[in-house]
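Chemist: Top to bottom, those sequences are chains E and S. Heads up: the first sequence begins at 1 in our numbering, then just goes up one per residue. Heads up: the second sequence begins at 329 in our numbering, then just goes up one per residue.
Hints in this document: simulated from the structure, not taken from any laboratory. What you are looking at is a predicted structure, and each value in this text was computed from that prediction instead of being measured.
Computed list of lysine to any residue pairs in SDA-like fashion (alpha-carbon distance at most 25 Å, straight line):
1. Lys488/S / Pro178/E
2. Lys488/S / Val304/E
3. Lys783/S / Val705/S
4. Lys783/S / Ala756/S
5. Lys783/S / Leu369/S
6. Lys488/S / Gly306/E
7. Lys783/S / Leu418/S
8. Lys488/S / Leu71/E
9. Lys488/S / Leu173/E
10. Lys488/S / Pro432/S
11. Lys488/S / Leu69/E
12. Lys783/S / Ala688/S
13. Lys783/S / Trp765/S
14. Lys488/S / Val305/E
15. Lys488/S / Val72/E
16. Lys488/S / Gln175/E
17. Lys488/S / Pro310/E
18. Lys783/S / Val708/S
19. Lys488/S / Arg95/E
20. Lys783/S / Val366/S
21. Lys488/S / Ala176/E
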Amino acid sequence: MELALIFDLILLITLIALAWLLLASSDIFRAVVLFIAFGLLLALAWVRLGAPDVALAEAAIGAGITGALLLVGLGRLGSAEHYRGTRTRLTFLQRLSAPVLIGVMIPSISLILLLELSLHASATPGQQGLVNVLLDVSGTNHGVTAVLMNFRAWDTLLEKGVLLLALISIWSLDQARPLFRQNDISPQLTGLARLLLPIMIIVAGFVLWQGDHAPGGAFQSGAILSAGILLAILVGYTLPTRRQGLSLRLLLAVGFSVFLLVAAATLLSSDYLLKYPDSLAGSLILLLELVATASIAALLAAAVVGGHPPDDLSKPVDRSSAVNGGQT
Amino acid sequence: MTELIVQQQWFLWMTLLPLGAAVAAFLAPRQAHWIGLVTALLLPLCALAAIAAATLSETQTITAGNWPTPLGIALRSDGLALVMLAVTALVGFIISCYALGYFPVRGHHQSRARYFWPLWLFLWGGCNALFISGDLFNLYVTLELVTLASVALIALEGGKAALAAALRYLFISLLGSLAYLLGVGILYGTYATVDIILLGDMLAATRLNHAAMSLMIAGLVLKSALFPLHFWLPQAHTMAPAPVSAVLSALVVKCAYVILLRLWFEVFPALDTIAIGHLLGLLGSIAIIWGSLMALRQERLKLLIAYSTVAQIGYLFLVFPLAHTETMASAWIGGVLLMMAHACGKAAMFMVAGTIHHTAGSDRISRLAGAGGPIGVLVVVFTLAAGTIIGLPPSGGFFAKWLFINAALVSGQWWYLPIILSGTLLAAAYIARVLGWAFLDVKRSSYPVIPWMMKWPPLVLSIIALLFGLIAYEPVQLALSGAPVSSPVLVEFGP
Numbered sequence: 001m002e003l004a005l006i007f008d009l010i011l012l013i014t015l016i017a018l019a020w021l022l023l024a025s026s027d028i029f030r031a032v033v034l035f036i037a038f039g040l041l042l043a044l045a046w047v048r049l050g051a052p053d054v055a056l057a058e059a060a061i062g063a064g065i066t067g068a069l070l071l072v073g074l075g076r077l078g079s080a081e082h083y084r085g086t087r088t089r090l091t092f093l094q095r096l097s098a099p100v101l102i103g104v105m106i107p108s109i110s111l112i113l114l115l116e117l118s119l120h121a122s123a124t125p126g127q128q129g130l131v132n133v134l135l136d137v138s139g140t141n142h143g144v145t146a147v148l149m150n151f152r153a154w155d156t157l158l159e160k161g162v163l164l165l166a167l168i169s170i171w172s173l174d175q176a177r178p179l180f181r182q183n184d185i186s187p188q189l190t191g192l193a194r195l196l197l198p199i200m201i202i203v204a205g206f207v208l209w210q211g212d213h214a215p216g217g218a219f220q221s222g223a224i225l226s227a228g229i230l231l232a233i234l235v236g237y238t239l240p241t242r243r244q245g246l247s248l249r250l251l252l253a254v255g256f257s258v259f260l261l262v263a264a265a266t267l268l269s270s271d272y273l274l275k276y277p278d279s280l281a282g283s284l285i286l287l288l289e290l291v292a293t294a295s296i297a298a299l300l301a302a303a304v305v306g307g308h309p310p311d312d313l314s315k316p317v318d319r320s321s322a323v324n325g326g327q328t
Numbered sequence: 329m330t331e332l333i334v335q336q337q338w339f340l341w342m343t344l345l346p347l348g349a350a351v352a353a354f355l356a357p358r359q360a361h362w363i364g365l366v367t368a369l370l371l372p373l374c375a376l377a378a379i380a381a382a383t384l385s386e387t388q389t390i391t392a393g394n395w396p397t398p399l400g401i402a403l404r405s406d407g408l409a410l411v412m413l414a415v416t417a418l419v420g421f422i423i424s425c426y427a428l429g430y431f432p433v434r435g436h437h438q439s440r441a442r443y444f445w446p447l448w449l450f451l452w453g454g455c456n457a458l459f460i461s462g463d464l465f466n467l468y469v470t471l472e473l474v475t476l477a478s479v480a481l482i483a484l485e486g487g488k489a490a491l492a493a494a495l496r497y498l499f500i501s502l503l504g505s506l507a508y509l510l511g512v513g514i515l516y517g518t519y520a521t522v523d524i525i526l527l528g529d530m531l532a533a534t535r536l537n538h539a540a541m542s543l544m545i546a547g548l549v550l551k552s553a554l555f556p557l558h559f560w561l562p563q564a565h566t567m568a569p570a571p572v573s574a575v576l577s578a579l580v581v582k583c584a585y586v587i588l589l590r591l592w593f594e595v596f597p598a599l600d601t602i603a604i605g606h607l608l609g610l611l612g613s614i615a616i617i618w619g620s621l622m623a624l625r626q627e628r629l630k631l632l633i634a635y636s637t638v639a640q641i642g643y644l645f646l647v648f649p650l651a652h653t654e655t656m657a658s659a660w661i662g663g664v665l666l667m668m669a670h671a672c673g674k675a676a677m678f679m680v681a682g683t684i685h686h687t688a689g690s691d692r693i694s695r696l697a698g699a700g701g702p703i704g705v706l707v708v709v710f711t712l713a714a715g716t717i718i719g720l721p722p723s724g725g726f727f728a729k730w731l732f733i734n735a736a737l738v739s740g741q742w743w744y745l746p747i748i749l750s751g752t753l754l755a756a757a758y759i760a761r762v763l764g765w766a767f768l769d770v771k772r773s774s775y776p777v778i779p780w781m782m783k784w785p786p787l788v789l790s791i792i793a794l795l796f797g798l799i800a801y802e803p804v805q806l807a808l809s810g811a812p813v814s815s816p817v818l819v820e821f822g823p
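With the rest of the complex left out, here is chain S (with noise of 0.2 Å):
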């Protein structure tokens, strides 16, 4: 019986069980909530079932159908698919439960909670799908099942700003998907493969190469919304019902940028990468910046926690520059780790943004003036999980940015430091003003009732992001298995 568990591919499992989970919530709309919740339910003890799968066997890369390689499609279970799907089970688990008390399931809403429940099962699928994925062409496929997912779910909102925001992300992604397609095109012409470890192999520095290099990094910089092609995403994240901002927020921005980690570390490390490299930098820094003015100047909550996420984008991006030979471990975990605690933090963010409105009947920041009561709970939440946008200790935005400086200092490229610690402080300060608001001695008429499914769960959420660092070390120690990075991970000061 034991031996059934553990030699079971879980990780196939967590690709298979959402999808048909989103089939069922389709079939039969008036049970879709619990269709939902079972699933969130079983899919983070389906994660720990694979990782613990993962520790006890060697195989890390298989294929569908056990077709060899050139033909068929590759299916990883590496540290950083693991640690990817870990993160999105325990924060889909969260924003699930949450969707609970947003979506009410007797109401006006009812056609929203409907539509919504197959919608994210199926983004989440399709997630699951692009983290475990080893092929270029199946990461295009599953690109587009998220992408399309995510235009629906923006939709869901209703009303002409968020159709026409919708409207704009789908043409948005496409652009950078046809991008990216053309370059995995391009790559297939000359080596007849899409499989990432044999292009890897194989690839060498033609002009050809840089060309379709250039394409797919431009597609996915477009998705994952690096300055200045991060135009599209204020407006799509804040238009969104507050479950979906979190979603977006916390995972679908990442899932383009999951595929350019395993593309720049795995596909392309012949390629002269360099200067694009230092571009990526140069973007990533103006993104900090320009991203943590334009949160600062936001009256409304979602904006400002949007034009958050846009400064945190920017510091994914200092991993390319960052990652030299001897600091290419600490600049990869680093990345990692703040794509898991960037998740966790950003969506407890929107989700306590989305109840304040709920609450407030509007998400203007003034609104929050006064805020004792149930409020005051939100407000709580609010600054525990900002602490991981911070960067404050012991929080996991903390260490990775500490991972950073140091991969900054021992490759000497020092200017990245100023910005890296100017980001921060502007961070706090667009999250001091937020709290100001809500110290203020204003006495309120009323304090309206908040379901608890939408008061605790983005509180577990927020405590788990400030308390992340003190755990880090297991997914440290988890996605370092099989990462295409061998140096040692730095985390002292030194030559």
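Here chain E stands alone, though its shape is the one from the complex (with noise of 0.2 Å):
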């Protein structure tokens, strides 16, 4: 218990002295690094409160592709840093904006916080004995995995719309670019990637069919997978052009529509939104999961990649063209 103890409190050290270096850094590099190494100590945090599909997907997630975003981000930013434009002088209350927020306001609802939670040391057991109950109803036989695609599925399918959303808003931005040139492949990378790429789409199989039972399921799996897809981009592979139109959007967007055509039958025909048939709970979990397994890999992809494919829309459309590769 005492070695817990000790190993509890090393961890939130370490928590908060690297929150503090990230946020004090001035070079945006090495806070991006240290975040990524933050997102993987909080993950371990959460196993030690006991929520291991928090910390996977705090780890496949908050780590893993935040981290590949900021990076690809600051690839990005790093040949425009010098053009930084004139700086406005800041006014008074704009100056005393920012140590107000931060040095007055969240120390002092935290402490308030603290000093409340304290009072209340017996935290509620939330609603585990009711999703035990109804567990056997649920089709699945792990309790966040029923309640994340059944009890409270509504809210998953809208989280599914924030994901294919996020996608949509960062394709209104702007088109694709390269991220790099052809020619930087080294090859140990590519001998690297040839043996990574299976083991990586077994994993992320496996760990979609753990969320029956055990912690895991759609968005983690989701998020291995896409790490895979990277990996493929970065050893040079692209998606042929012809499937970069409606191929592409159907694979990003079956994940959410598969659910709204569910919950739209399920309204049709039992009056209530995504109440499933009970013989048909299990199956429609799995099928949920498997199109959103691979909308979540495509849509985290496509995130870091960022903007929209080279348009077609901008070309008016040669209709003979079109023939000819219908042909072909």
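Build the complex from these two chains, which are given one at a time in their own frames, with help from the hints.
Modeler: Structure follows, in structure tokens:
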């Protein structure tokens, strides 16, 4: 017991120190690397709190994908950083707002909450009991999956929508630019990718399957798959141009659309939104998880690539070439 | 067959339909505008059906998947949800028609049109999901949906200034959402539920609950741009394309406010809210005066309208100090009425400003000088829409202010009277300033051609806004069904 306490204390102190270091760092690259380390340690903290599902998501999405997004963003910024433009002088209130917010508001809110929370030391067990009672009819054997995919499936549906919406927002801003020059790829990386890619696909499949009875599921599995896709992009794989149109958009949207279709079908047949028929619940959840994994992997990877694929709308449609393309 | 139609949960279809249409518009960008138009046509019909179904059935709350409430997500078709769904359907339909003219299908700005429709339909679906939600965490998810779509829509105009405004809006919104979520987390930690009705029954006046309430209200106040947290609004609302400005001012700001109404009257009545109510009332009063004065100073039409929104938001926050025991229904229904009237009026005004910008090449108010010919129609539309912002009878704005004044007198808070009246005078002043330019006798060299889609939809909306007070009885009755307030609505002065 004592040993665990010491471990927790070290973890906490490291977390706070990392947070401070990354906020105080004037070098953005250093701050991003520290942020990734912070995410991984935070995942460990979630494990210590007994929430392995959150830990998996934090490691895969909080540290992994967010870290990759930040690094890619930094790479884009790097060349443009010295075009800062003229800085306008801040007014007195603008000068004051940041210290007040960071120095006064946040510590005082934290202090009040800490004082109050220490009085309510015994936390409620949440709805664990109710979830366990209803687990038999949920179509899955893992409480978290049951909550996400059945009891509170409406939230999950809307979250899938948020993910797709985020990608549409990224696409609306600009066209994608190549991440790097093709002749920069090192042969070692290619060899590593050949070795790693099959393993990543298998691990992603395992994590997805795991979701039925243990921590795992679509989000974590999709994040692993998208890491695989990014690795493949790094060693020079590209999506063929003819797949960058509707096929790509279909893949990105399939997770959300199937969820919407299931919602519409349940609403039509049973008058209740997302009330799965008892006999079909298991298979429906599996279907939703499968398409969600595919979409999440594609969405996260597309977000890192950034920007929409080269436009087919800007040029007038050349009907003859379209017909020829169809015939070949 | 009729049973099938009546028994459908139309208010749920109103969330699924726009979300599905958004995906379809993303998949088929060439047909996006048709998908948008068909959806915009269907949603008002669904709203009517939802209202008809609600008047026939007793149950106002169901849960997703029919799971019991501490676990499942409550979805509500009470009065507030229904009137907001209906107003959004009406305003959204007209904005969609206008957008058809604003974003030409052919021409240079195809890529803007290509992304406008999926983003706007996502926003619409998010708003509808927010209005019907009876679950604090689900409200957070819908709020994120609305926020993200708004940010992308602001950035759609392109250019450095629009991107900067969008990014600032994103940061501000995230700060607001996180404060709200922290409050929800504290409530869940204590009561193990995020259901609004259950929480309303269980909440006790502990200090921790007060902390949660303060966090949630602060976050939502930031998102609904109450003075002094309005600083992001004028830039964000003016940098966007005209239909987007209309959506942001008419609908998006109201989303956070609807959550506030639900929290204040359904979750937190057991807490000690008098001091916070007076603080919100004070900030609202300052917002009315400050926003109107700033509107009076602006040289550009869109900025004037945006500052007018700041002032109108101030009125909305007078609901909280005015809702005493006996005046609760008056204040509440006044707030709901003002939301509806402002949504119609402000959307029409922003659309007109967009058309003027489109035809005159600039939205400087001085460009209205000698506005005859095609711009003359627009000035008429602008004036009609402004009627409800000033609060002229028989507009909805007039009735809302009447109810506020009534509540202020009955609850003995006379000091809100001069605030409301001077806000009205200032609004009349800044509208008259715009009209003053239009009546100047200046000859123009050319009058541009305006596509009719950009001319007539705002007119329809402004007429509805102006005559809203005449048909206000039905919406008020509808909103009061299942409302969390039970006192009679006072329309005459008296004890």
